[in-house]
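Generate coordinates for the entire structure from the input sequences, incorporating the hints supplied.
2 protein chains.
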Amino acid sequence: MKTKSNALREIIGNARPLPEASRARAAYQGIKGANSHEAAGRLFPESLLVPYKTFEDVFKAVERGECDYGVLPVENSTAGSVSAVYDLILRYRFYIVGALDMKIDYCLAGLRQSELGDIEKVISHPQALSQCEGYTTKNGYETLSCSNTAVAALETAREKRLNLAAICSRRAAEEYGLKALDYHLQDNPYNTTRFIVISRTLYISDGANKVSLCFSLPHVTGALFHMLGRFDALGLNLTKIESRPVSGKDFEYLFYLDFSGSVGSEGVTELICRLSDEMPEFSFLGNYTEREE
Amino acid sequence: MKTKSNALREIIGNARPLPEASRARAAYQGIKGANSHEAAGRLFPESLLVPYKTFEDVFKAVERGECDYGVLPVENSTAGSVSAVYDLILRYRFYIVGALDMKIDYCLAGLRQSELGDIEKVISHPQALSQCEGYTTKNGYETLSCSNTAVAALETAREKRLNLAAICSRRAAEEYGLKALDYHLQDNPYNTTRFIVISRTLYISDGANKVSLCFSLPHVTGALFHMLGRFDALGLNLTKIESRPVSGKDFEYLFYLDFSGSVGSEGVTELICRLSDEMPEFSFLGNYTEREE
Numbered sequence: 213m214k215t216k217s218n219a220l221r222e223i224i225g226n227a228r229p230l231p232e233a234s235r236a237r238a239a240y241q242g243i244k245g246a247n248s249h250e251a252a253g254r255l256f257p258e259s260l261l262v263p264y265k266t267f268e269d270v271f272k273a274v275e276r277g278e279c280d281y282g283v284l285p286v287e288n289s290t291a292g293s294v295s296a297v298y299d300l301i302l303r304y305r306f307y308i309v310g311a312l313d314m315k316i317d318y319c320l321a322g323l324r325q326s327e328l329g330d331i332e333k334v335i336s337h338p339q340a341l342s343q344c345e346g347y348t349t350k351n352g353y354e355t356l357s358c359s360n361t362a363v364a365a366l367e368t369a370r371e372k373r374l375n376l377a378a379i380c381s382r383r384a385a386e387e388y389g390l391k392a393l394d395y396h397l398q399d400n401p402y403n404t405t406r407f408i409v410i411s412r413t414l415y416i417s418d419g420a421n422k423v424s425l426c427f428s429l430p431h432v433t434g435a436l437f438h439m440l441g442r443f444d445a446l447g448l449n450l451t452k453i454e455s456r457p458v459s460g461k462d463f464e465y466l467f468y469l470d471f472s473g474s475v476g477s478e479g480v481t482e483l484i485c486r487l488s489d490e491m492p493e494f495s496f497l498g499n500y501t502e503r504e505e
Numbered sequence: 213m214k215t216k217s218n219a220l221r222e223i224i225g226n227a228r229p230l231p232e233a234s235r236a237r238a239a240y241q242g243i244k245g246a247n248s249h250e251a252a253g254r255l256f257p258e259s260l261l262v263p264y265k266t267f268e269d270v271f272k273a274v275e276r277g278e279c280d281y282g283v284l285p286v287e288n289s290t291a292g293s294v295s296a297v298y299d300l301i302l303r304y305r306f307y308i309v310g311a312l313d314m315k316i317d318y319c320l321a322g323l324r325q326s327e328l329g330d331i332e333k334v335i336s337h338p339q340a341l342s343q344c345e346g347y348t349t350k351n352g353y354e355t356l357s358c359s360n361t362a363v364a365a366l367e368t369a370r371e372k373r374l375n376l377a378a379i380c381s382r383r384a385a386e387e388y389g390l391k392a393l394d395y396h397l398q399d400n401p402y403n404t405t406r407f408i409v410i411s412r413t414l415y416i417s418d419g420a421n422k423v424s425l426c427f428s429l430p431h432v433t434g435a436l437f438h439m440l441g442r443f444d445a446l447g448l449n450l451t452k453i454e455s456r457p458v459s460g461k462d463f464e465y466l467f468y469l470d471f472s473g474s475v476g477s478e479g480v481t482e483l484i485c486r487l488s489d490e491m492p493e494f495s496f497l498g499n500y501t502e503r504e505e
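Residue numbers (this note's numbering), protein chains in the order written: chain A, 213 to 505; chain B, 213 to 505.
To be clear, the hints were calculated from the coordinates, so they are not data collected in a lab.
All values reported here derive from a predicted model rather than from experimental measurement.
Note that CB positions come from ideal geometry on N, CA and C, so glycine has one too.
Check the hints yourself; a few may be wrong.
Said to hold, decoys possible - Coverage of chain B stretches by chain A, computed from C-beta distances (three or more under 8 Å per stretch; other residues unrestricted):
1. 262-273
2. 332-342
3. 350-359
4. 444-453
Stated by the list, open to error - The list that follows gives simulated cross-link-like pairs (lysine-lysine, DSS-like), each with its CA atoms no further than 30 Å apart:
5. K452/B x K350/A
6. K265/A x K372/B
7. K452/B x K452/A
8. K333/A x K272/B
9. K372/A x K333/B
10. K265/A x K333/B
11. K391/B x K265/A
12. K244/A x K350/B
13. K333/B x K350/A
14. K216/B x K452/A
15. K265/B x K244/A
16. K265/A x K315/B
17. K372/B x K372/A
18. K315/A x K265/B
19. K333/B x K315/A
20. K422/A x K452/B
21. K333/A x K391/B
22. K265/A x K350/B
23. K372/B x K350/B
24. K422/A x K272/A
25. K452/B x K216/A
26. K333/B x K244/A
27. K315/B x K272/A
Quick look at the structure:
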């Protein structure tokens, strides 16, 4: 009687492909013009996009059925940490049904009446300011911080000062009626953030090429090494691994692991099901397609 | 001629213990009362603590010799991402010479004239608001976001509204003359953030028990597995592993890895030196003591 793996095999076997998204509603955290809003627009171009205040509000909206999907940043983001989002996925027992690696490109956005030479102060999220530090230093700008790059655009529009500009996306500049005075401000031209799509229902589309898992391991020599040997034996490529200590439990670690593969391969499903039986804490988070833009 | 490993062996062999910190100057990012300020105070109780605007400003201050050490959050922080700090460590060729796992405890801080029943709005960093969402929802508070928990305290002090409170540390409340109206607001009682101490000079003290490495691996099946086998063979316990894609290079990943151990053990130094010869990109980041408070 291997109930865990039988249940998981059934869940995977019953997963339908992701439906056409035309009438879907997608939740995101932040305000219009935020990077999450832009990512949601690219992932769900024909859908109603609904803003929420916090990450957890996005989960609540999906749980209540107000929205079908939630779009959340999980890497290299100005909005929060990866582990906060993964914690919520586990708590709400949601699945990952899509992902997007989106290039983040910052412009300098001022009032329509401003010229580049007028600007003396720039406002943005501290991490965005940090990513554009070479640019702001070179120009001798004074920097002010606020909670979000889109909020920076909104503040700039409200303040109506000719010498103030926001560091934000072009979409945020347009959204708040600002003029882009300069482009591509970030020091690192390969500035991408990873967004995932969460859902109450597990959808697995044909061509899904990435699997996400979460599991805990005791802090014993080699536990992770032996775990990875199981993937190596099947020739599976890991594309992400991240550990963090389990709250309140010494010597126990939680791992987030992504690999290239599909549950359409019997070997992959077999491995996942076996691990779910063997390990005290193990979650299959989804099998989806990762896009890059 | 194995020049890389010889150079590294010499650097490690010449490392002195961390000096007494009494006259040291320590840089941190943010304003007084920020979590980084509190961590810097615990790590350097007798030192001058100097605030800087951005993570990179902290590195610049240490590079110019304005400060001897920098204190920066690297995990579960409201201030920014781990990878931003690690990128800077590699770029500036600094070392990690200490670490602190600090419990983050939030209070509700209002004006001295306010009572708990007066509060209708709370202000804080979005991630702090998220961590206290159970509390704010239960009390029906309207939430406002700002760039930092200490900034929230400062704003609350400046706004002088009886119905506004900040979610911040007790230290921030004290710093800005606010009264703590309620305590331990966070949903997760084990809310800790990891801070590291960076330095231009490699110091290794007796009793240093943690080693940090950074290296890149090609995206080939099993590359990480075989790498971890080298640690497993020596019985070394990994305490952290994190991967991320290398900017602009497909199929190449950067790994941050911590393990319990000391370069006082010849096996550990031998392994580190061999890896530095074998791998195209490999950095020994330090061997230090991690404290918990």
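Do the hints match the structure? See the list:
As drawn, the stretch 262-273 of chain B meets chain A at 4 residues by the rule of a beta-carbon pair under 8 Å; at three or more, the given contact holds. Here the stretch 332-342 of chain B counts 5 residues with a CB under 8 Å from a CB of chain A, which clears the bar of 3, and the coverage holds. Beta-carbon proximity to chain A at under 8 Å applies to 4 residues in the stretch 350-359 of chain B; the threshold of 3 is reached and the given coverage holds. For the stretch 444-453 of chain B, the assignment as covered by chain A holds, since 8 residues bring a beta-carbon within under 8 Å of that chain's beta-carbons and 3 suffice.
For the proposed pair K452/B and K350/A, the alpha carbon gap of about 37 Å is over 30 Å, so the pair is violated. The straight-line distance between the Cα atoms of K265/A and K372/B is roughly 25 Å, inside the 30 Å bound, and the hint therefore holds. As the CA atoms of K452/B and K452/A are separated by approximately 13 Å, the hinted pair is consistent with the 30 Å bound. Under the criterion of a C-alpha separation no larger than 30 Å, the hint pairing K333/A with K272/B is consistent with the structure, at around 21 Å.
Among the hinted pairs, K372/A with K333/B is consistent with the structure: their alpha-carbon atoms are about 27 Å apart, no more than 30 Å. A C-alpha spacing of about 14 Å is found between K265/A and K333/B, which places the hinted pair at or below 30 Å, so the restraint holds. With a C-alpha separation of about 27 Å, the suggested pairing of K391/B with K265/A holds against the 30 Å cut-off. Distance check on the hinted pair: K244/A and K350/B sit about 27 Å apart at the alpha-carbon level, within 30 Å; holds.
Simply put, K333/B and K350/A have alpha-carbon atoms about 39 Å apart, too far for the 30 Å limit, and the pair is violated. Simply put, K216/B and K452/A have alpha-carbon atoms about 28 Å apart, close enough for the 30 Å limit, and the pair holds. Between K265/B and K244/A, the direct Cα distance comes to roughly 27 Å. Compliance with the 30 Å bound is thereby established for this hinted pair. Proximity of K265/A to K315/B is assessed by CA-CA distance (about 26 Å); at most 30 Å being required, the pair is judged to hold.
Simply put, K372/B and K372/A have alpha-carbon atoms about 25 Å apart, close enough for the 30 Å limit, and the pair holds. Proposed proximity of K315/A and K265/B is supported: the alpha carbons are some 26 Å apart, at most 30 Å. For the proposed pair K333/B and K315/A, the alpha carbon gap of about 35 Å is over 30 Å, so the pair is violated. Distance check on the hinted pair: K422/A and K452/B sit about 23 Å apart at the alpha-carbon level, within 30 Å; holds.
This hinted pair does not check out: K333/A and K391/B have alpha carbons roughly 33 Å apart, beyond 30 Å. Only pairs whose Cα atoms come within 30 Å are accepted, and K265/A paired with K350/B is accepted, the gap being roughly 16 Å. A hinted pair counts as satisfied when its Cα atoms are at most 30 Å apart, and K372/B with K350/B qualifies at roughly 24 Å. The straight-line distance between the Cα atoms of K422/A and K272/A is roughly 26 Å, inside the 30 Å bound, and the hint therefore holds.
A threshold of 30 Å between alpha carbons decides the hint, and for K452/B with K216/A the separation of about 28 Å falls inside it, so the pair holds. Distance check on the hinted pair: K333/B and K244/A sit about 23 Å apart at the alpha-carbon level, within 30 Å; holds. Taking the CA atoms of K315/B and K272/A, the gap is about 28 Å. The hint holds against a cut of 30 Å.
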